[in-house]
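Colleague: FYI, in UniProt numbering the residues of the sequence shown are 1 to 262.
Please note: incorrect hints may appear among the correct ones.
Said to hold, decoys possible - With a straight-line Cα cutoff of 25 Å, these simulated DSS-like cross-link-like pairs (lysine-lysine) come out:
hint, residue 1, residue 2
1, 81, 210
2, 210, 149
3, 172, 228
4, 149, 113
What the hints assert, rightly or not - Label-pair distances were calculated between CB atoms; the ranges are:
hint, residue 1, residue 2, range
5, 148, 206, 27 to 33 Å
6, 2, 79, 16 to 22 Å
7, 2, 144, 18 to 24 Å
8, 172, 64, 36 to 42 Å
Simulated from the structure, these hints should not be mistaken for lab results.
Cβ atoms here follow ideal geometry from the backbone N, Cα and C, with glycine treated the same way.
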Amino acid sequence: MSLLNLHLKVWRQNGSQPGHFQDIEAPEIPDHASFLEMMDIVNERLISKGEDPVAFDHDCREGICGMCSMQINGVPHGPEKATTTCQLHMRKFRTGDTIWIEPFRARAFPVLKDLMVDRTAFDRIQQAGGFVTVRTGAPQDANALPIGKEVADAAMDAAECIGCGACVAACKNASAMLFVSAKAGQLNSLPQGQPEKDRRTLGMVRQMDKEGFGNCTNQYECEAACPKGISVRWITKLNRDYAIASVKEAFGNTPKVAGGGD
Numbered sequence: 001m002s003l004l005n006l007h008l009k010v011w012r013q014n015g016s017q018p019g020h021f022q023d024i025e026a027p028e029i030p031d032h033a034s035f036l037e038m039m040d041i042v043n044e045r046l047i048s049k050g051e052d053p054v055a056f057d058h059d060c061r062e063g064i065c066g067m068c069s070m071q072i073n074g075v076p077h078g079p080e081k082a083t084t085t086c087q088l089h090m091r092k093f094r095t096g097d098t099i100w101i102e103p104f105r106a107r108a109f110p111v112l113k114d115l116m117v118d119r120t121a122f123d124r125i126q127q128a129g130g131f132v133t134v135r136t137g138a139p140q141d142a143n144a145l146p147i148g149k150e151v152a153d154a155a156m157d158a159a160e161c162i163g164c165g166a167c168v169a170a171c172k173n174a175s176a177m178l179f180v181s182a183k184a185g186q187l188n189s190l191p192q193g194q195p196e197k198d199r200r201t202l203g204m205v206r207q208m209d210k211e212g213f214g215n216c217t218n219q220y221e222c223e224a225a226c227p228k229g230i231s232v233r234w235i236t237k238l239n240r241d242y243a244i245a246s247v248k249e250a251f252g253n254t255p256k257v258a259g260g261g262d
């Protein structure tokens, strides 16, 4: 084990008030610590000096929940590809490094405090169609409806999205297309999701626009930043599904599904 002496430039902000970078020295940080453990050490030292700790989101710390969202040296989740902030370890840095730590930057993700942002816009997009209303039985009934391996594998690939928002933070337009395409595509691929496929697609895309996310310009920064490696091919599929659903709606063919809206 070796110890790192680091210089941190951490974004400090209280709600809608103007923010600023605070210089924080972080000496003797174990290189085997995770990035969040490093932040814990820094906060303990700040508290011991009577200063306010740095607010940041976290939960499972296992790369599953997507809560540990922060921009590290300008990159969502930091320098290691396909890794969440909580799974990033300090051995990826060198002693003497200066590390810039910021919240995700997007109008639809307003800063709550310091590194914490409000990502409930994602929740509202999910509520607009990211579900099925068909009765699928209890967990033990999962294999009652045979699904081809290719379809099942594709749906599982999309289901890997943890909703962290790295795709939004990486995009110059703050687009949420990768997130929406993964959440809609997962259900649109499966037979259980077919009855409300059109309503789901229209609802989620329109809610995304309502929340103020930008448009996709196909630069693939979202895929590069995604800690789960969600493919931009899902965006292509969403665009196709949306075009078809829009034409059906124009001709009055969008199905009305019980529990799914109007």
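Colleague: All hints, please: hold or fail.
Modeller: Hint-by-hint comparison with the structure:
Between residue 81 and residue 210 the CA atoms are separated by roughly 31 Å; this puts the pair beyond 25 Å, and the hint is violated. Only pairs whose Cα atoms come within 25 Å are accepted, and residue 210 paired with residue 149 is rejected, the gap being roughly 36 Å. For the given pair, residue 172 sits about 20 Å from residue 228 by alpha-carbon distance, which is consistent with the 25 Å threshold. Taken as a hint, the residue 149 and residue 113 pair is broken in the structure, with Cα atoms around 44 Å apart against an allowance of 25 Å.
Under the hint 27 to 33 Å, the C-beta atoms of residue 148 and residue 206, about 31 Å apart, fit the expected range. In this structure, residue 2 and residue 79 meet the distance hint of 16 to 22 Å, their C-beta atoms being roughly 18 Å apart. A beta carbon spacing of about 55 Å between residue 2 and residue 144 contradicts the range 18 to 24 Å that was offered as a hint. Take residue 172 and residue 64: their Cβ atoms lie about 28 Å apart, and the range 36 to 42 Å is violated.
Hint violations for this structure: numbers 1, 2, 4, 7, 8, all remaining hints satisfied.
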